[in-house]
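Residue-level listing of the chains:
Protein chains: 2
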Amino acid sequence: MAKKVAAKKPQKKASAKSAANAKNKKYTYLFGVKTDGDAKMRNLLGGKGANLAEMARIGLPVPPGFTITTEVCTYFYENGKKYPSCLDAQVKAGVQSVEKQMGKIFGDEKDPLLFSVRSGARESMPGMMDTILNLGLNDKTVEGLAAKTQNPRFAWDCYRRFIQMYGDVVMGVQARNEADVEPFHHVMEGLKSEVGARLDTDLTVDALKELVKRYKALIKQRAGKSFPQDVYEQLWGAIGAVFGSWMNERAILYRQKYNIPASWGTAVNVQTMVFGNKGETSATGVAFTRDPANGENQFYGEYLINAQGEDVVAGVRTPHKIAELSKEMPKAFKELLAIRKKLENHFKDMQDFEFTIEENKLYMLQTRNGKRTGMAAVRIAVEMNKERFMDEKTAVQKIPADSISSLLVPVFDPAAVKKAKVVAKGLAAGPGAASGEVVFTAAQAELVASRGRKSILCREETSPEDLRGMIAAEGILTSRGGVSSHAALVARQMGKVCICGASDIVMDYQKRLMTVGDYIVKEGDYISIDGTTGEIFLGEIGTAPSEVIRVLSGKMKPAKSYTYRLFETVMKWADKYRKLGIRTNADTPEQAKRAVQFGAEGIGLCRTEHMFFEGDRIDAVREMILASDLNEREKALKKLLPYQRKDFEGIFKAMEGLPVTIRLLDPPLHEFLPHESAARNALAEKMNLPPEILAERCKALEEQNPMLGHRGCRLGNSFPEITKMQARAIFEAAASLIKKGKKVKVEIMVPLVGFVQELKFQAATIGEVCEQVMKEKKVRIDYMLGTMIEVPRGALTADEIAEVAQFFSFGTNDLTQTGLGMSRDDAGSFLGRYKELDILPKNPFASIDVNGVGQLVRIGAEKGRSVRKDLKLGICGEHGGDPDSITFFNDVGLNYVSCSPPRVPVARLAAAQAALKAEAAKKSKK
Amino acid sequence: MAKKVAAKKPQKKASAKSAANAKNKKYTYLFGVKTDGDAKMRNLLGGKGANLAEMARIGLPVPPGFTITTEVCTYFYENGKKYPSCLDAQVKAGVQSVEKQMGKIFGDEKDPLLFSVRSGARESMPGMMDTILNLGLNDKTVEGLAAKTQNPRFAWDCYRRFIQMYGDVVMGVQARNEADVEPFHHVMEGLKSEVGARLDTDLTVDALKELVKRYKALIKQRAGKSFPQDVYEQLWGAIGAVFGSWMNERAILYRQKYNIPASWGTAVNVQTMVFGNKGETSATGVAFTRDPANGENQFYGEYLINAQGEDVVAGVRTPHKIAELSKEMPKAFKELLAIRKKLENHFKDMQDFEFTIEENKLYMLQTRNGKRTGMAAVRIAVEMNKERFMDEKTAVQKIPADSISSLLVPVFDPAAVKKAKVVAKGLAAGPGAASGEVVFTAAQAELVASRGRKSILCREETSPEDLRGMIAAEGILTSRGGVSSHAALVARQMGKVCICGASDIVMDYQKRLMTVGDYIVKEGDYISIDGTTGEIFLGEIGTAPSEVIRVLSGKMKPAKSYTYRLFETVMKWADKYRKLGIRTNADTPEQAKRAVQFGAEGIGLCRTEHMFFEGDRIDAVREMILASDLNEREKALKKLLPYQRKDFEGIFKAMEGLPVTIRLLDPPLHEFLPHESAARNALAEKMNLPPEILAERCKALEEQNPMLGHRGCRLGNSFPEITKMQARAIFEAAASLIKKGKKVKVEIMVPLVGFVQELKFQAATIGEVCEQVMKEKKVRIDYMLGTMIEVPRGALTADEIAEVAQFFSFGTNDLTQTGLGMSRDDAGSFLGRYKELDILPKNPFASIDVNGVGQLVRIGAEKGRSVRKDLKLGICGEHGGDPDSITFFNDVGLNYVSCSPPRVPVARLAAAQAALKAEAAKKSKK
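Residue numbers (the working numbering), protein chains in the order written: chain A, 1 to 926; chain B, 1 to 926.
Treat the hints with caution; some may be incorrect.
Mimicking BS3-like on lysine-lysine, the simulated pairs with C-alpha atoms at most 27 Å apart in a straight line are [to be verified]: (1) Lys760(B) with Lys23(A); (2) Lys82(A) with Lys760(B); (3) Lys724(A) with Lys82(B); (4) Lys699(A) with Lys192(B); (5) Lys81(A) with Lys863(B); (6) Lys81(B) with Lys724(A); (7) Lys81(A) with Lys760(B); (8) Lys454(A) with Lys699(B); (9) Lys775(A) with Lys81(B); (10) Lys724(B) with Lys82(A); (11) Lys842(A) with Lys775(B); (12) Lys140(A) with Lys220(A); (13) Lys257(B) with Lys760(A); (14) Lys775(A) with Lys82(B); (15) Lys760(A) with Lys81(B); (16) Lys699(A) with Lys81(B); (17) Lys371(B) with Lys760(A); (18) Lys760(A) with Lys835(B); (19) Lys454(B) with Lys842(A); (20) Lys82(A) with Lys775(B); (21) Lys699(A) with Lys699(B); (22) Lys257(A) with Lys760(B).
Which bits of chain B does chain A cover? Going by a derived footprint, with three or more residues having C-beta under 8 Å, they are [said to hold, decoys possible]: (23) 418 to 428; (24) 813 to 825; (25) 892 to 900.
Hint data in this document are derived by calculation from the structure and do not stem from the laboratory.
Note that the structure is predicted; figures quoted are calculated from it, not measured.
For glycine and all other residues, C-beta sits at the position ideal for the given N, C-alpha and C.
Turn these sequences into a full structure, and let the hints guide you.
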């Protein structure tokens with residue numbers, strides 16, 4: 001059967017060219033005694049395959065095997081799930097090479113060679129794809145294994161595990177729906193109760209033989225065909241299942257979350273099996289060369305005696321800390337310490353590796369750069385720089401820019417924590433503090449989130465099926481599993497707060513509650529968890545700023561916080577290498593101050609309308625909007641003037657002479673109107689208008705596509721009196737500070753300009769008001785006038801607009817909406833599907849669409865500078881805080897990016913990384 | 001005072017450069033014995049000024065004067081309503097030159113030189129701006145004039161008219177609001193009743209003197225200053241008023257309607273007064289060298305004995321037909337016939353001219369290319385070509401492309417007309433047939449139009465104040481005034497149906513009714529008017545197709561219709577010169593057939609969703625949309641398949657092998673849903689769903705900005721089953737025709753593509769279905785696959801998209817919406833203001849924004865062709881039928897434009913004009 005599949009000709013769809021290429025290509029790479037690949041071949045061999053090859057190269061004990069490349073995966077999906085015709089022969093050759101190295105034969109009835117078959121993508125996707133272990137066992141080879149190992153129990157246990165895995169993964173014998181029991185589990189439990197066994201390990205060889213019989217019957221019944229006895233058929237089945245799992249739902253979801261393109265594909269690693277479950281001299285474990293949670297330079301990991309690798313990761317048994325291995329298996333532990341050193345020396349980074357000890361012999365099954373918390377990333381980079389593992393530039397690039405934000409996440413309010421009761425403790429697996437409603441299912445977590453509330457997802461252990469819930473929840477709490485369990489790995493990568501293995505807690509999904517010692521916590525009750533200490537509290541606890549923030553706001557001394565010093569080091573590095581200026585989007589003095597503490601060099605976007613909702617002023621705003629004529633409108637605007645003036649004074653003061661870009665009124669006016677009829681009636685009374693008239697005026701302001709409607713400078717041009725009021729508020733605020741001897745750097749930004757004339761009229765109005773205020777206040781006020789480039793026409797006619805504008809700020813939110821013809825509010829209905837199909841590998845509202853929207857930014861920048869060399873260019877969309885987008889903005893040569901205050905440190909680091917990347921690219925070109 | 005104004009230094013705002021330029025510039029041009037200008041200087045001197053100069057050059061009797069250039073107007077508005085400093089001296093020199101030619105002195109108390117001061121823009125704007133006559137009269141010169149003419153009554157009548165005009169126009173003594181009486185009229189009527197005069201002409205010299213006294217008192221009282229006695233002050237006041245009137249409300253409105261940029265400005269013509277009101281040997285008139293209503297080659301016009309020019313145009317007295325002049329003033333008439341010939345020989349086009357006969361001496365006051373109906377434009381061009389006044393290319397360019405549509409406008413259903421009662425007759429002033437509610441005011445016409453109903457605006461006479469109403473109404477009916485009255489001129493230009501001078505009708509605005517003989521017609525009653533015959537009918541009459549359409553559809557023989565033969569000639573010319581292909585947007589076989597009759601060479605846009613609303617099928621559409629899963633959706637789609645197949649069969653059949661571009665489903669799905677709750681409940685019952693579930697599903701489909709939402713190929717990619725159904729319907733329809741031996745040219749168009757991947761997926765789906773259908777039906781089906789370029793990203797990545805697309809059709813409607821960030825449905829709230837401010841000189845949804853959206857089209861075309869040389873390029877937005885846009889599309893090098901069926905002939909002609917323009921531009925470059 002395997003041959004048949006492999007031999008099938010490439011489908012019609014495949015072009016003649018790709019078919020020809022496919023014929024001559026090398027699709028399998030050996031590792032072991034003979035090694036074809038190395039660590040650099042990650043894209044082709046996947047992370048696991050490349051590093052297995054590399055470990056073999058540097059002499060680490062790797063069980064031999066071969067890697068089927070990611071190109072096969074791509075071919076597989078481009079050609080209707082068929083393989084290149086030459087693959088069959090190459091796989092066969094790979095098996096034969098391993099047979100030679102091991103001195104064993106695949107399918108040999110006396111001493112069978114067994115394989116594991118595992119996925120391995122370019123980027124690690126833990127637990128997302130399928131794995132098959134013990135492959136090569138059948139009714140005959142199992143006897144050979146039993147005889148050779150003199151351990152029939154072990155052999156039959158391996159066989160029943162293999163059938164179970166293969167039946168599930170390859171032959172699709174699975175629970176039919178959520179209510180259904182996992183069928184193999186059901187069969188096993190039935191047998192266990194028949195023979196009176198409590199644990200799996202209580203099953204005798206005969207019982208295991210019976211179990212194998214029943215498993216095979218189950219498969220025959222449910223899958224309609226027999227479990228295959230031909231070992232090559234087993235192998236091809238497993239390979240197909242692994243490639244198939246690249247497109248399973250959870251893998252797709254994972255790729256969506258981490259922006260991994262579907263086109264990368266996965267490799268498949270076929271590797272000689274080694275056994276950590278051959279009794280008390282065998283073990284299996286996972287270790288990190290440093291602590292992945294806090295970055296501390298100490299050996300970190302866990303292991304299980306007499307277990308297979310999946311047992312550790314799955315979190316079914318709670319493993320031991322790695323240090324204990326020094327007592328249980330001192331020789332192996334010593335070897336591991338040496339390997340830890342060798343790995344860091346070789347890979348120059350913290351490694352996360354898997355090992356198995358088979359009858360006292362140590363095998364390395366995998367190594368990779370270890371995932372780590374933001375905190376750990378920072379600490380490891382700073383300390384590895386001190387230890388000369390990496391130079392400053394490398395260290396800067398080693399810290400995912402986003403991870404800086406984890407140093408800034410709030411912790412529990414220390415005062416509140418003192419009063420709160422710790423009801424249980426678990427393993428600190430994802431730092432930070434989180435409070436929320438207890439939920440027990442992913443679905444409930446999503447529901448709670450959709451209602452704008454916070455939740456803590458509580459599970460015995462998590463599995464990839466819980467992914468959606470983990471995304472939706474604030475924090476994750478498990479009662480089983482260790483710091484390298486699924487829950488812990490995923491939570492850390494997401495930056496979620498996580499506590500694992502809180503074994504005092506008993507979950508009762510059925511009753512939707514958990515017991516914590518004497519306490520019963522029901523779904524919907526609040527709990528709080530501290531992922532840094534592992535403590536679990538009843539009730540909701542207020543959060544407090546992180547150490548970094550406490551130091552920045554003068555509430556803690558720098559010397560007292562190692563975290564702060566790490567932060568400071570990284571920020572210093574960032575500022576040393578970055579070219580881009582970093583500004584912030586801030587609408588209040590408080591936000592402005594925080595941003596300056598974070599290193600903002602100015603305000604890139606102050607949205608004046610955000611001030612309109614505060615307190616009573618919304619009434620005046622509404623009167624202004626609903627005015628029936630100029631006279632009424634001017635009356636309402638007069639009421640607003642003092643508010644706005646005060647707003648701007650506060651912001652100018654907070655910024656202490658740093659530039660402040662103020663955007664004039666932007667949103668469609670009806671956004672300010674009351675939508676409930678009660679509120680409308682109250683407003684009507686206040687305005688002394690019949691409610692039906694008010695309703696009519698509100699109705700008249702409704703729009704089909706408000707995003708493309710009467711907003712931005714269209715308002716200021718229709719109602720110059722609004723611009724006048726805002727300009728007056730700005731200039732009067734500036735005047736009052738200047739008179740007090742303070743510095744003020746005013747930049748006025750006219751939104752949504754598509755035609756230079758729009759800007760000209762606004763510029764004239766603003767200029768007039770400035771002249772008036774200067775005359776009235778007898779003070780000189782300098783200001784810059786610019787515009788947001790946020791509709792394609794603005795970018796396309798930037799040369800005309802730059803004749804008037806002294807600066808541009810690219811409003812990439814709206815530029816994305818108009819450039820792609822895609823409303824951010826509505827795109828949810830198809831963006832998921834588009835990511836799945838790889839049409840849009842990233843959410844274009846989170847990370848700029850370089851090929852499309854990016855062209856508009858580039859055109860705008862080039863045309864603008866073609867007529868005004870010193871045109872200041874910035875960007876103030878949400879992309880301003882996104883590292884990938886920042887790379888692009890650096891390449892385009894903008895002067896600055898502007899982002900929300902908490903993203904400022906991230907942007908600083910990302911800007912440095914962008915500059916270094918550009919420098920490297922330049923060098924490599926030369 | 002005049003000097004003070006003129007001497008003022010240019011304002012700060014004017015750049016140093018423009019001020020310097022202004023110093024040395026020639027701002028006044030003489031005409032008369034000495035003539036500086038000519039007809040080519042239209043942009044500088046305005047149409048009137050340039051042609052006065054030209055007439056003087058070719059020896060026609062023009063009263064001497066000078067023109068102040070349009071550049072002064074531009075300067076005036078750019079410099080805070082100040083004049084260039086050197087203008088004062090130049091005007092003085094102009095006056096002196098005229099004084100010399102006339103042998104009279106301006107302000108001379110014995111024999112004063114008098115002037116008229118008139119506006120004159122590049123394009124004629126009849127009645128929009130201010131005019132002053134008899135300027136130069138004051139308390140002293142009036143006596144000189146009286147003595148010199150030996151006609152004190154004439155002199156004092158001139159003086160009181162001058163004061164009245166000057167007081168109104170220059171000094172602003174006007175009715176304060178609509179209810180107020182015109183104040184000079186009020187004073188005159190008072191005096192008339194005091195002295196018992198019935199008509200103005202009954203006033204004696206003494207009465208006129210008294211009137212002058214009272215007028216001056218009125219001015220003093222209302223304007224706060226005296227009527228100026230200094231003739232230069234009078235002159236500068238008049239010049240300022242004319243320039244000022246460039247920006248009056250009705251001029252702005254007029255420019256909006258006709259897309260005349262405010263930046264053009266008007267010139268001012270200062271010309272020696274001649275008098276048509278010096279008794280029975282004097283007259284004044286307006287004439288056309290050919291009939292401007294139907295184009296017939298016969299002298300056409302009207303005159304009034306003993307009247308000033310404004311009397312004819314204003315329509316206050318109903319003038320005589322020009323032919324009668326041959327009896328009343330045979331010598332002058334003979335001269336006019338000679339001038340008629342000379343004018344056509346010289347200007348090579350139909351002329352519209354004004355003349356005055358002062359004591360038997362003929363003077364020419366103006367000539368210009370005559371405005372004409374579409375019908376006349378066609379006939380004149382065709383006949384002037386036959387007469388060798390113009391060659392074919394010139395003739396093609398002489399016909400405004402839009403005017404072709406007036407040959408296609410419906411006429412009354414002949415059967416219905418026979419039965420209808422003609423209640424009155426007027427002058428046929430604007431051809432075509434119109435039915436509607438009677439309205440008496442512009443405001444009411446606008447109101448009725450806003451409610452989607454039709455109206456006939458009925459007025460004694462119209463004035464520029466009625467412009468808005470004339471735009472809103474279907475037709476115009478006046479009881480006074482001739483075929484060159486304001487109503488007639490404006491109606492013809494607008495292509496409105498118009499009957500003038502229906503003197504049997506008596507309007508009673510107060511009671512909102514009119515009496516027509518024995519009938520009383522009230523506001524809101526229906527009438528029907530035939531602007532080709534002048535007949536007025538009670539009630540509503542159905543309309544019938546025009547002669548051209550009757551011939552095209554075989555209901556009339558070509559030989560029987562001269563109109564058709566004109567149409568045919570022009571279309572032949574058009575097809576000879578045009579480069580662009582012309583297709584049509586058609587969704588039904590009927591539309592398709594009509595378009596082919598009109599010369600369409602294919603369908604450029606067949607909107608499949610338009611078929612979804614017919615009959616029962618909307619239910620299936622709704623089921624499809626509201627399906628909760630694939631299964632339900634496929635069931636509904638199955639019901640739709642036969643409908644769609646039949647639709648396409650019909651269209652393919654109608655097009656007889658011409659290419660048919662079918663666009664796949666495009667609009668957001670909720671557009672198809674019932675919005676009323678009753679309809680929803682009915683649907684819920686049909687679908688066997690609880691109403692609240694249905695309501696919920698409808699709600700879930702609502703979008704914030706549907707324009708940018710889940711639509712276009714986003715639907716087909718989310719629900720490939722929809723694309724499959726549509727593709728199947730198309731291919732099955734094609735197969736059935738091919739089997740019958742018919743030719744079918746299928747082009748499938750995927751809408752809203754921004755990412756090439758979107759198209760790839762759709763292409764694969766369509767390709768699969770085609771293979772299936774070909775296999776099932778055992779027939780070969782060829783088709784082209786293309787996309788609409790309608791979001792900026794599509795244009796910007798056209799090189800990627802053209803790798804898959806075989807053709808592009810620019811969807812310039814949506815490309816305008818996204819490119820400008822402007823929703824067509826919502827832009828109404830600010831587009832008016834934007835036109836006023838000249839930010840957007842034209843409505844970008846009617847005529848393409850060349851600088852912005854045009855760039856996207858150009859980029860898309862160039863990038864697309866860079867990877868696929870034979871990429872077929874078309875455009876199917878509404879711009880496809882707009883002549884200016886067609887010029888642009890011709891320049892970009894598109895293959896075809898596609899427009900609605902009735903616009904096809906217009907597009908053919910416009911395409912020829914575009915090609916000729918491009919040819920001329922190319923030549924002039926060489």
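Here is what the structure says about each hint:
1. Lys760(B) with Lys23(A): holds, 26 Å
2. Lys82(A) with Lys760(B): Roughly 20 Å between the alpha carbons, so the hint for Lys82(A) and Lys760(B) holds.
3. Lys724(A) with Lys82(B): holds, 25 Å
4. Lys699(A) with Lys192(B): Status violated; Cα separation ~53 Å.
5. Lys81(A) with Lys863(B): violated, 34 Å
6. Lys81(B) with Lys724(A): holds, 23 Å
7. Lys81(A) with Lys760(B): OK: Lys81(A) and Lys760(B) at ~18 Å, within 27 Å.
8. Lys454(A) with Lys699(B): holds, 26 Å
9. Lys775(A) with Lys81(B): Given pair Lys775(A), Lys81(B) holds - Cα atoms ~24 Å apart, limit 27 Å.
10. Lys724(B) with Lys82(A): holds, 24 Å
11. Lys842(A) with Lys775(B): Answer violated: Lys842(A) to Lys775(B) is near 39 Å, above 27 Å.
12. Lys140(A) with Lys220(A): holds, 19 Å
13. Lys257(B) with Lys760(A): holds, 24 Å
14. Lys775(A) with Lys82(B): holds, 24 Å
15. Lys760(A) with Lys81(B): holds, 19 Å
16. Lys699(A) with Lys81(B): Roughly 41 Å between the alpha carbons, so the hint for Lys699(A) and Lys81(B) is violated.
17. Lys371(B) with Lys760(A): This hinted pair is violated, its Cα atoms lying about 36 Å apart.
18. Lys760(A) with Lys835(B): Holds, because 15 Å separates the two Cα atoms, which is no more than 27 Å.
19. Lys454(B) with Lys842(A): violated, 52 Å
20. Lys82(A) with Lys775(B): Answer holds: Lys82(A) to Lys775(B) is near 23 Å, not above 27 Å.
21. Lys699(A) with Lys699(B): It holds: about 20 Å lies between the C-alpha atoms, which stays within 27 Å.
22. Lys257(A) with Lys760(B): holds, 24 Å
23. 418 to 428: Since three or more residues must qualify, the claim that chain A covers the stretch 418 to 428 of chain B is violated, with 0 doing so at under 8 Å.
24. 813 to 825: n = 9 at 8 Å, threshold three: holds.
25. 892 to 900: With 0 residues closer than 8 Å to chain A, the stretch 892 to 900 of chain B misses the three-residue bar; violated.
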